[in-house]
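Asks: Both chains are given apart, each in its own frame, so use the hints to dock them into the complex.
In order, the protein sequences belong to chains A and B.
Add 500 to the 1-based position in the first sequence for the working numbering, that's all there is to it.
Add 18 to the 1-based position in the second sequence for the working numbering, that's all there is to it.
Everything labelled a hint here was simulated from the structure, so no lab data went into it.
For clarity, every value in this text was computed on a predicted model and none was experimentally measured.
Take the hints with a grain of salt, since some may be wrong.
Listed below are the simulated PhoX-like cross-link pairs for lysine-lysine, each with C-alpha atoms no more than 20 Å apart in a straight line [to be verified]:
#, chain 1, residue 1, chain 2, residue 2
1, A, Lys-501, B, Lys-89
2, B, Lys-62, B, Lys-80
3, B, Lys-89, B, Lys-69
4, B, Lys-69, B, Lys-45
5, B, Lys-62, A, Lys-542
6, A, Lys-568, A, Lys-594
7, A, Lys-594, B, Lys-62
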Amino acid sequence: KQEVTQIPAALSVPEGENLVLNCSFTDSAIYNLQWFRQDPGKGLTSLLLIQSSQREQTSGRLNASLDKSSGRSTLYIAASQPGDSATYLCAVNKGGATNKLIFGTGTLLAVQP
Amino acid sequence: NAGVMQNPRHLVRRRGQEARLRCSPMKGHSHVYWYRQLPEEGLKFMVYLQKENIIDESGMPKERFSAEFPKEGPSILRIQQVVRGDSAAYFCASSPLLGAQPGNTIYFGEGSWLTVV
Chain A
501 KQEVTQIPAA LSVPEGENLV LNCSFTDSAI YNLQWFRQDP GKGLTSLLLI
551 QSSQREQTSG RLNASLDKSS GRSTLYIAAS QPGDSATYLC AVNKGGATNK
601 LIFGTGTLLA VQP
Chain B
19 NAGVMQNPRH LVRRRGQEAR LRCSPMKGHS HVYWYRQLPE EGLKFMVYLQ
69 KENIIDESGM PKERFSAEFP KEGPSILRIQ QVVRGDSAAY FCASSPLLGA
119 QPGNTIYFGE GSWLTVV
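Isolated chain B (complex conformation) (with noise of 0.2 Å):
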């Protein structure tokens, strides 16, 4: 049973360039979270999306970035115009339920670490 997967890994882009950052949930869930992690800083939420809806995007940037989450295939984290401060570790989790109830556990996937040049 395959857990979040993340990729690509690691991800190099110069200035200017886009970033599409994938995530496909655990089997059988249909909620995907971002959050991201800036160098020597927490985690922070960004973005909370069902397949086809996005649910909360209160922790987004409000240029640049944008998620989705498609009926078919990976949700995408996409970064347009990178700026170095975009460099960051971006990790995904999914969970089977919506919202916070019993048995909806989170799972993180193992990151994805984006360098701006």
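Here chain A stands alone, though its shape is the one from the complex (with noise of 0.2 Å):
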């Protein structure tokens, strides 16, 4: 059974720092790993998408990565500002019939001004 776990739980950091969150995975069989943000009662932000076969994406200042064999996905976010300040999800597609995502529990981050 396929879980999903991210670390930290909560993280503060001053604005202008640069920062890494960790997502890990039990079943390195995955299709793509997706990075999402949601803000305090609002709904779920794509960030990015990394299909099983790619190492990483890059998107402004985040840049995702995957290590399909260790199960581990980092999200590095440079020269945080404060309307960073969300939780941030990784989210793990198995593949198949049901495309299905499992998610993990999150990190709150906050940045400092």
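Replies: Structural data, given as structure tokens:
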């Protein structure tokens, strides 16, 4: 059974710092992995999607890496800003007919001005 | 191009009442997923529907919960005889194609927050 874990559960950093969020999964047989952002009381915003054959994806100040064999992904945020404060979720898609996402419990990020 | 639309956004029900949550997928999408986010927990898959067909309901509670996606109209998640433990955010997502395949991106709605008092 696929389990997804995110560490740390919460993180507080001063504005301008670079930071790394971690995601680990127990079953390496995945189709893709996706990072989302969730603001309080809001829906999910997709940030980056990495296919199982890829090693990393970049979008602006965000970079996500994937090491499928070790069951790990990281989300790197450069030059953090207060507007980056949110919960960050990673989700693994095992693939197949159901296209089901298995979510981690998230990392709550607070960027202090 | 409207995204995945969910309504109501917030719903309050007394214990024992019924809750109906609606989801209109993105235009051109014929596949809908429902996820539940309980307080202090991650999002959990509930059910995956194609029009007039349930593909996977492995995450649905065995009792009181049902989902449908009719040929016409939105997908409905129905919770009968609600209890306090049903209080959660319910997210709908949609995709254009069946299963995991290239181009079959999943898009999420803004969620419906159910509070049972």
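Asks: Taking 20 Å as the top limit, are the C-alpha atoms of Lys-568 of chain A and Lys-594 of chain A close enough?
Replies: holds (12 Å)
Asks: Given the hinted pair Lys-69 of chain B and Lys-45 of chain B, is their alpha-carbon gap at most 20 Å?
Replies: holds (13 Å)
Asks: Given the proposed pairing of Lys-62 of chain B with Lys-542 of chain A, does the C-alpha separation stay at or below 20 Å?
Replies: With Cα atoms ~16 Å apart, Lys-62 of chain B and Lys-542 of chain A stay inside 20 Å; holds.
Asks: Is the straight-line distance between the alpha-carbon of Lys-62 of chain B and that of Lys-80 of chain B 20 Å or less?
Replies: The given pair, whose Cα atoms are some 15 Å apart, holds under the 20 Å limit.
Asks: Assess, step by step, whether the Cα of Lys-594 of chain A is no farther than 20 Å from the Cα of Lys-62 of chain B, and give holds or violated.
Replies: This hinted pair holds, its Cα atoms lying about 14 Å apart.
Asks: Lys-89 of chain B and Lys-69 of chain B: Cα distance at most 20 Å?
Replies: holds (6 Å)
Asks: Against the 20 Å threshold, does the CA-CA distance of Lys-501 of chain A and Lys-89 of chain B hold or violate the hint?
Replies: Measuring from Cα to Cα gives roughly 34 Å; hence the hint is violated.
Checked against the numbered hints above, the structure violates only hint 1.
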